[in-house]
Amino acid sequence: MQREKNLRILTYIIVISFAAIWILPLLWMLSTALKPESQVIAWPIEIIPKEVTFDNFYDIIFDSPRTPILRWFFNSFFVSTATTFLVLAVDSLAAYAYARLEFKGKNVLFWLLMATMMVPPVTNLIPNYLIMDRLGWIDSYQALIFPQVAAVFGVFLMRQFFIGLPSELEDAAYIDGCNRFQIFYIIALPMAKPALIALGLFTFRASWNAFLWPLIITNSAKMRPLTPGLRLLQSNFMTEFGKLMAGAFISAVPVIIIFIIAQKYFVKGIALTGMKG
Amino acid sequence: MKIKDTWQEMKENRHFYYFLVPFLLFFSVFMLFPILFSFYMSLHRWGGLGEATFTGLKNYSRILTDSTFHTALYNTTFMWLTSTPLILGFALILAVMLNKKEVKFLKYFRVGYFMPFVTSTVVVGVIFTILLDGSFGLVNFFIESIGFDKIRFLTSTTWSKISIVIVLTWRWVGYNTIIMLAGLQNIPEDLYEAAEIDGGSTLQKFFYITVPMMRPIILFTFILSTIGSFQIFTEPYIMTGGGPMQSSLSVVQYLYNSGFQQFRMGYASALSYVLFAIIFVASYFQIKIGSGEEGI
Numbered sequence: 001m002q003r004e005k006n007l008r009i010l011t012y013i014i015v016i017s018f019a020a021i022w023i024l025p026l027l028w029m030l031s032t033a034l035k036p037e038s039q040v041i042a043w044p045i046e047i048i049p050k051e052v053t054f055d056n057f058y059d060i061i062f063d064s065p066r067t068p069i070l071r072w073f074f075n076s077f078f079v080s081t082a083t084t085f086l087v088l089a090v091d092s093l094a095a096y097a098y099a100r101l102e103f104k105g106k107n108v109l110f111w112l113l114m115a116t117m118m119v120p121p122v123t124n125l126i127p128n129y130l131i132m133d134r135l136g137w138i139d140s141y142q143a144l145i146f147p148q149v150a151a152v153f154g155v156f157l158m159r160q161f162f163i164g165l166p167s168e169l170e171d172a173a174y175i176d177g178c179n180r181f182q183i184f185y186i187i188a189l190p191m192a193k194p195a196l197i198a199l200g201l202f203t204f205r206a207s208w209n210a211f212l213w214p215l216i217i218t219n220s221a222k223m224r225p226l227t228p229g230l231r232l233l234q235s236n237f238m239t240e241f242g243k244l245m246a247g248a249f250i251s252a253v254p255v256i257i258i259f260i261i262a263q264k265y266f267v268k269g270i271a272l273t274g275m276k277g
Numbered sequence: 001m002k003i004k005d006t007w008q009e010m011k012e013n014r015h016f017y018y019f020l021v022p023f024l025l026f027f028s029v030f031m032l033f034p035i036l037f038s039f040y041m042s043l044h045r046w047g048g049l050g051e052a053t054f055t056g057l058k059n060y061s062r063i064l065t066d067s068t069f070h071t072a073l074y075n076t077t078f079m080w081l082t083s084t085p086l087i088l089g090f091a092l093i094l095a096v097m098l099n100k101k102e103v104k105f106l107k108y109f110r111v112g113y114f115m116p117f118v119t120s121t122v123v124v125g126v127i128f129t130i131l132l133d134g135s136f137g138l139v140n141f142f143i144e145s146i147g148f149d150k151i152r153f154l155t156s157t158t159w160s161k162i163s164i165v166i167v168l169t170w171r172w173v174g175y176n177t178i179i180m181l182a183g184l185q186n187i188p189e190d191l192y193e194a195a196e197i198d199g200g201s202t203l204q205k206f207f208y209i210t211v212p213m214m215r216p217i218i219l220f221t222f223i224l225s226t227i228g229s230f231q232i233f234t235e236p237y238i239m240t241g242g243g244p245m246q247s248s249l250s251v252v253q254y255l256y257n258s259g260f261q262q263f264r265m266g267y268a269s270a271l272s273y274v275l276f277a278i279i280f281v282a283s284y285f286q287i288k289i290g291s292g293e294e295g296i
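Chains as they are written, first to last, in full-length UniProt numbering: chain A, 1 to 277; chain B, 1 to 296.
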């Protein structure tokens, strides 16, 4: 009994102290952003700053025309939202057809889609760049959004979900004269809500955090999303840790908030994709 | 007769086919075509402007003898083989602890472990650049305060790779913990009850029930980590720029440098196919080894 109690205490200590270590870098980002520049590298470190200031945030938002962080924020927000809705619409339509339709070549197409999932995304980097160049879309929103909609993952996730739904209700509606789109939109889609939320969260997070593609495809300061923007900030404010951390905080906080609100769906989504492979 | 039937069926199902069109359009233009075109380009020498010259497999044979590629491959493999056991080990231990019923409120701490996963790699890179700074970094203040010399984490050839491994571990433990937790919940409770009756200790239960039952999940996370590790770019790019002296140059950054700094588009495309082959072979062997013992 005593041994069991000791074990439990050990568990508590390990879990809590690790959580503290894990969260420390993020807390430190916030506290550095809130410190006056002179206090940033003071020792001993103050995790909770004695003197709180919003100067870093003010400077970086209103007083640095070469790094327009508000514009970047808007770009990230617009691109991620548009990508998410486009992916949800396009993937759920295709997945629904795939789950309900028998056609010649279905298996071949399935393996083709599977195979492309194994190819690392960097393989597409150069050809996609050349396509965008040919279309005259370099430094545009389309270029930031469209390649992300070609990903196969969402179709598999949604298909798996639709296969699990019973089709009797849909057949009845068909006999009553609903067309396929009405059935999809009115009956199947609302039932797929948990899967849609999980896919939406994943897509938004991936899009918000994407770095290599936006870095390559944007070249003017005003078209950059936050991630390559932050890189620019890093080279401009190399030694001004406070401002840099304010920028990092601004770009990290939306997804963190979404995560805290929708934690349950995130966890479920990971478990779902984890299990299904 | 047969054709007519098929036609009739297709006509009836035409809406379904319309459903597939938008996705297939995006897929063919921005996924399928690029993958094939990339291979085509890998057989050419092309500087981004003007005509491409067909060179056959020359790009590939050059990769075999390219010492910078060897360095990048060594660095990437090092990061993969050191970070993966750390990540999966921590994740499994944490998952087992968070899964205990008697310490239920601990599950709220998973938010802490999970936070790094939702934070973008660029933000993470920027934070750790400052945390690990050779003169003003928080970590070095701490190291100095307990009586050791400061470590040049990001500017020494021995420490640059290790710094990347630290960041990868910090970032991916939470994500893998969630997958492992889901796996743990599928282990039948009576296995543990039976072990308890037979007087099995906690450690015995862990090694003789948990680990074997979790093998498919561990294999799955191992493969995910392998696929991810070989595609590392952002962390070293932001934190060290691949240096010093290429000591943290990753394969993908070498690809980026070749294609978008030196404009050797054909060579970079060949690199991407080599990377694909490496990931494919590594995953294949892991599946082989992981499921092979089952047959005995």
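Just so you know, these hints were derived from the structure itself, not from any lab. Be careful, since some hints might not be right.
[What the hints assert, rightly or not] Quick list of in silico lysine-lysine cross-link-like pairs, DSS-like style, CA-CA up to 25 Å:
hint, chain 1, residue 1, chain 2, residue 2
1, A, 264, B, 101
2, B, 100, A, 5
3, B, 205, B, 100
4, A, 104, B, 101
5, A, 106, B, 101
6, A, 193, A, 104
7, B, 101, A, 5
8, B, 100, A, 264
9, A, 5, B, 205
10, A, 106, A, 5
11, A, 268, B, 101
12, A, 268, B, 11
13, B, 101, B, 205
Hint check:
no. : hint           : verdict
1   : 264/A to 101/B : 19 Å, holds
2   : 100/B to 5/A   : 13 Å, holds
3   : 205/B to 100/B : 13 Å, holds
4   : 104/A to 101/B : 50 Å, violated
5   : 106/A to 101/B : 45 Å, violated
6   : 193/A to 104/A : 30 Å, violated
7   : 101/B to 5/A   : 14 Å, holds
8   : 100/B to 264/A : 19 Å, holds
9   : 5/A to 205/B   : 17 Å, holds
10  : 106/A to 5/A   : 57 Å, violated
11  : 268/A to 101/B : 19 Å, holds
12  : 268/A to 11/B  : 39 Å, violated
13  : 101/B to 205/B : 16 Å, holds
In terms of the numbered hints stated before, the structure departs from hints 4, 5, 6, 10 and 12, listed from lowest to highest.
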